[in-house]
Amino acid sequence: MKTKQLDITHEHCPMTFVKTKIELSKLSEDEVLEVLLLEGEPLTNIPKSVESQGYKVLSINQHQGNIHKVLISK
Amino acid sequence: METREKIKKLSIIGFSGDFDKLVAVFTLASGAAAVGYEVNLFFTFWGLNVIKKKGGRSFVGKGFLARFFNFLMGGKNNVPLSRLNFGGISPKLMTGMMKSKNVATLEELIEASKAVGVNFYACEMSMHILGITKNDFIPDIKEVIGVAKFLELSEDGETLFI
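Going line by line, the protein sequences match chains B and C.
The numbering of the first sequence is the numbering used here, which starts it at 1 and goes up by one.
The numbering of the second sequence is the numbering used here, which starts it at 75 and goes up by one.
Next up, chain C with everything else stripped away, as it sits in the complex (with noise of 0.2 angstroms):
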């Protein structure tokens, strides 16, 4: 029988769009792909809302519903604490915590991420409910797929939902 050499791998699925969260997603990605796993991410549903090329609120997407639920929902500058969010001031404010502890901001995780090759994935479904298309993305996004997709992507390695 073939020997198969074990990958380190960890999948996460990336469905929340709160700040917290994906500082979470991004810290585990950003430091597992770091010491030598291999990454994916697959973002889905409210996840989408951190890989939109408008990083601020703006109608993007197809169909009055879509593009109302788009702009409501905005991108990476404003995605909202899981608690505590104070109409959205919460986030800036631990924001510059972060900046004044010397940790990594989710802008520079996120960008930290892509450095040291973490694959994005981007859900095909929720991308259907939402009108949006993968140029709707930021450009380091791989591949549009689907659960069979990611079901083999993550095959024989860790996966996280967050």
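In isolation and in its complexed conformation, chain B is listed as follows (with noise of 0.2 angstroms):
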């Protein structure tokens, strides 16, 4: 599996969605995405609208501080 990253953690609403929503779309079947967001709306937020969309999130782990790592694949 290859992994792609994503960082947002620079990022606000609405443009965490709009940057991982892209990266998503360009995601292959044999492709992870590793993203790294923010705590609070992003953390809340993401994973549930990823998965809404029919995406899997395989984990959800603290990166460092109040940065955590986000898996998803298709």
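In short, the hints are calculated from the structure, not lab data.
Predicted model only: the values in this text are computed from it and were never measured.
You can take every hint at face value.
Chain B is faced by these chain C residues, among others (derived, beta-carbon under 8 angstroms):
#1 S104
#2 V177
#3 A186
#4 A189
Simulated coverage check for chain B against chain C, where a stretch passes if three residues somewhere in it have a Cβ under 8 angstroms from a Cβ of chain C:
#5 12-22
#6 46-53
For each residue, glycine too, the CB sits at the ideal point set by N, CA and C.
The two chains are supplied separately, each in an independent frame; assemble them into the complex guided by the hints.
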């Protein structure tokens, strides 16, 4: 599995969602997207919104401090 | 009876040509499309300014008065702030503040909306008043429509008037 990375820790709404969506739309079956995001709104809503669109959230782990790492696949 | 899966849908009537209200339109549109909504933007009256091909002031349209009005209204580069516009300085200051705070600018929000598949529509009637055609708009305008078509598009979803 190839891992693609996306750092949205410096983004704000709605670009957190927009950038995640754009990266996910480019994701192929054998790839995993690793998203770095902040606690609060992004951590609460990004995993929920990608799941509702049919993607799989494989894991959510604390990366460092208030930054979390979310792994998503198709 | 046929069961229909509920589509998550947001339709926004973009009536205002104000910078701040347009930021709201494109923030909601791009955000909603990014979380899986079908999004329809229907631009009418002042809102048409933001989808003009020419971003600045220019004499587009047919007829003297129409051309004059279109020049005064301009395009997306000179949309005014709804309050404290100060002759057009404030939108530029606001854009600077948005950039320095890493918040998407109006221009970026428009591009984001296009990238996540927001549907753009223009109002036939107000285009007629202003003497402008689909060719005066950015190529992303899917169709020029009226009330009936808008109602059909927005049916079973949320509708906002901004």
